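Heads up: the protein sequence lines correspond to chains A and B, in order.
All the letters of the first sequence, read from the start, carry residue numbers 0 to 241 under numbering that gives the first Met the number 0.
All the letters of the second sequence, read from the start, carry residue numbers 0 to 288 under numbering that gives the first Met the number 0.
These are computed hints drawn from the structure, not numbers from a lab.
Note that this is a predicted model, so its numbers are computed, not measured.
What you were told as hints is all true, and nothing was included just to trick you.
Cβ-to-Cβ under 8 Å is the rule here; a few derived chain A residues that face chain B:
(1) P71
(2) D72
(3) D91
(4) E96
(5) T104
In silico SDA-like cross-links for lysine to any residue, where the CA-CA straight-line distance does not exceed 20 Å:
(6) A:K132 - B:S158
(7) A:K53 - B:E87
(8) A:K132 - B:T234
(9) A:K53 - B:R182
(10) A:K53 - B:D172
(11) A:K132 - B:T156
(12) A:K76 - B:Y160
(13) A:K132 - B:R165
(14) A:K76 - B:R183
(15) A:K76 - B:Y184
(16) A:K132 - B:R159
(17) A:K132 - B:G280
(18) A:K132 - B:T282
(19) A:K132 - B:R157
(20) A:K76 - B:D172
(21) A:K76 - B:D170
(22) A:K132 - B:D170
(23) A:K132 - B:F279
(24) A:K53 - B:F84
(25) A:K76 - B:R159
(26) A:K76 - B:R182
(27) A:K53 - B:L86
(28) A:K132 - B:I155
(29) A:K132 - B:G161
Cβ coordinates follow ideal geometry from the N, Cα and C atoms, glycine included.
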Amino acid sequence: MTLLSVSNVTTGYGPTIVNRDASLTLGENEIVTILGPNGAGKSTLLRTIAGLVKPRSGQITFAGETVAGQPPDVMAKRGVVLVPEGRRIFADMTVEENLRLGAYTRRDADGINADVRTMEAFFPILAAKRNDKGGSLSGGQQQMLAIARGLMARPKVLLLDEPSLGLSPLLVKEIKAIILDIGERFGASVLLVEQNAGLALSVAARGYLMQNGRIAISGPIAELRDMSLMRELYLGGIKETA
Amino acid sequence: MDILLQQILNGLSIASVITLIAVGVTLIFGLTGIINFAHGEFLMVGSIVTWLAVSNGLPFPVALILGVLAVALMGFVLERAIFRFTLERPTNGFIVSLGLIVVLQHIVILFWNANQKSIPRPLTTVWEVGGVRIASVRVMVILMTIAVVAMTYVMITRSRYGRALRASVEDRDTAALMGIPVRRYITGVFVLGSALAGLGGGLLIALFPITPFTGGTMVMKGFAVALIGGLGNLTGAVAAGLILGIVEGFSAGYGFSEWTDAYSFGLMILVLLFRPHGLFGGTSGPKMA
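From just these sequences and the hints, can you work out the full model?
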């Protein structure tokens with residue numbers, strides 16, 4: 000069943016058009032990826048779904064309701080949560096405060112406390128660093144915290160923007176295991192934007208390939224992996240025109 | 000020594016009022032990047048409302064509460080009607096606040112003339128402790144300021160709302176991604192800052208007579224205190240207010256009372272020369288996308 004659907008969305012900043020007629024769907028408990036070269040408009044599309052960017056035109060529906068143009072705090076409350084590119088940890092606040100901020104939309108104190116413990120069990124480094132400032136964490140630790148903070152909202156859709164950016168291959172493996180676990184443990188669907196195609200192709204069931212702000216190709220991962228066009232456009236990057 | 004203690008008490012009581020302004024200025028700047036220079040006029044309006052209420056026979060505590068509520072309401076209306084349109088360009092908000100100074104002063108003059116206004120001291124007891132004369136009204140001003148600032152501090156450092164406020168100060172967009180309604184927090188901070196200025200105004204007129212132009216000098220000192228502590232830093236504003244009170248007390252105690260203004264501004268210049276972000280480190284205001 001379709002949980003989130005984006006149809007013919009056009010976005011831009013000032014005179015620049017970033018996305019043109021982009022459409023995609025995300026089902027329940029599904030992991031879907033958006034692939035594409037740098038500057039293709041992947042992040043902007045995620046930010047539009049999360050409400051940080053208002054679409055110029057097009058429709059976004061979530062759980063059957065029209066949500067295009069809703070502000071980010073309303074989207075978070077509805078259950079669509081973005082883990083932003085560059086992690087954006089609150090550097091002056093402790094790890095635990097960061098986690099609790101993720102649960103801002105919830106009022107069930109017991110549930111929030113239980114979820115803090117769940118996150119600390121799932122990401123043991125966060126338990127060890129509970130009272131440290133977010134800014135003192137390494138890049139990989141900050142990424143764990145950013146994902147955990149996103150999950151604290153108990154989202155139905157988790158939008159992950161470049162979670163592997165700047166991480167060592169070992170940490171990328173860890174992130175991969177975490178993404179694969181999110182659906183099962185936390186019941187959230189994942190829409191993943193990645194430049195690391197290896198990671199994206201190994202966790203997602205379906206994918207969209209974006210080029211120059213348009214969705215160029217979509218399909219099951221196995222098909223995408225084999226497509227020569229995709230290899231040219233993206234994986235090899237030889238004839239990259241973006 | 001006796002005179003000195005007395006002067007320090009005097010210095011602290013006036014510094015209390017200035018700290019109340021500084022806290023408002025610093026909180027509003029931290030979240031919005033707007034330096035509201037009309038904050039002194041907010042204080043003056045608090046004095047006027049308190050004066051009006053007392054003149055109409057209301058007891059001082061009731062008048063003080065009315066002053067706080069009136070200025071809080073004024074802050075709410077001005078934020079909704081004006082300042083929220085300057086959030087993307089805080090410098091415009093600053094310029095708007097300069098215009099508001101003139102508007103607020105002249106509305107007050109239009110209705111209640113430009114003469115000095117005073118109320119009878121709400122507390123007249125003077126204690127004599129070992130040769131030091133302690134005016135209870137000054138003690139009241141200091142204690143009320145301590146209580147209110149402490150409550151504000153606890154709210155900001157401990158509560159869920161305070162946590163969300165600090166997150167919004169640090170990174171507005173990411174705070175919104177957490178589901179925090181940042182715009183509502185901005186309104187809330189304007190209302191809180193205004194209420195503190197209203198309280199400062201009510202307490203000021205309990206100490207001294209005021210005029211419609213009192214706000215100007217008060218906001219200059221409040222702003223100096225906020226800068227010394229580090230703009231956007233609540234702890235810094237409170238500590239700098241305390242320092243200012245003691246310094247002004249000493250200068251008056253040693254017979255240099257005419258120099259008190261020079262101390263606060265001299266201190267501000269020195270601090271900014273050697274520690275541009277203030278003694279306790281300020282924020283640079285919100286990051287603009």
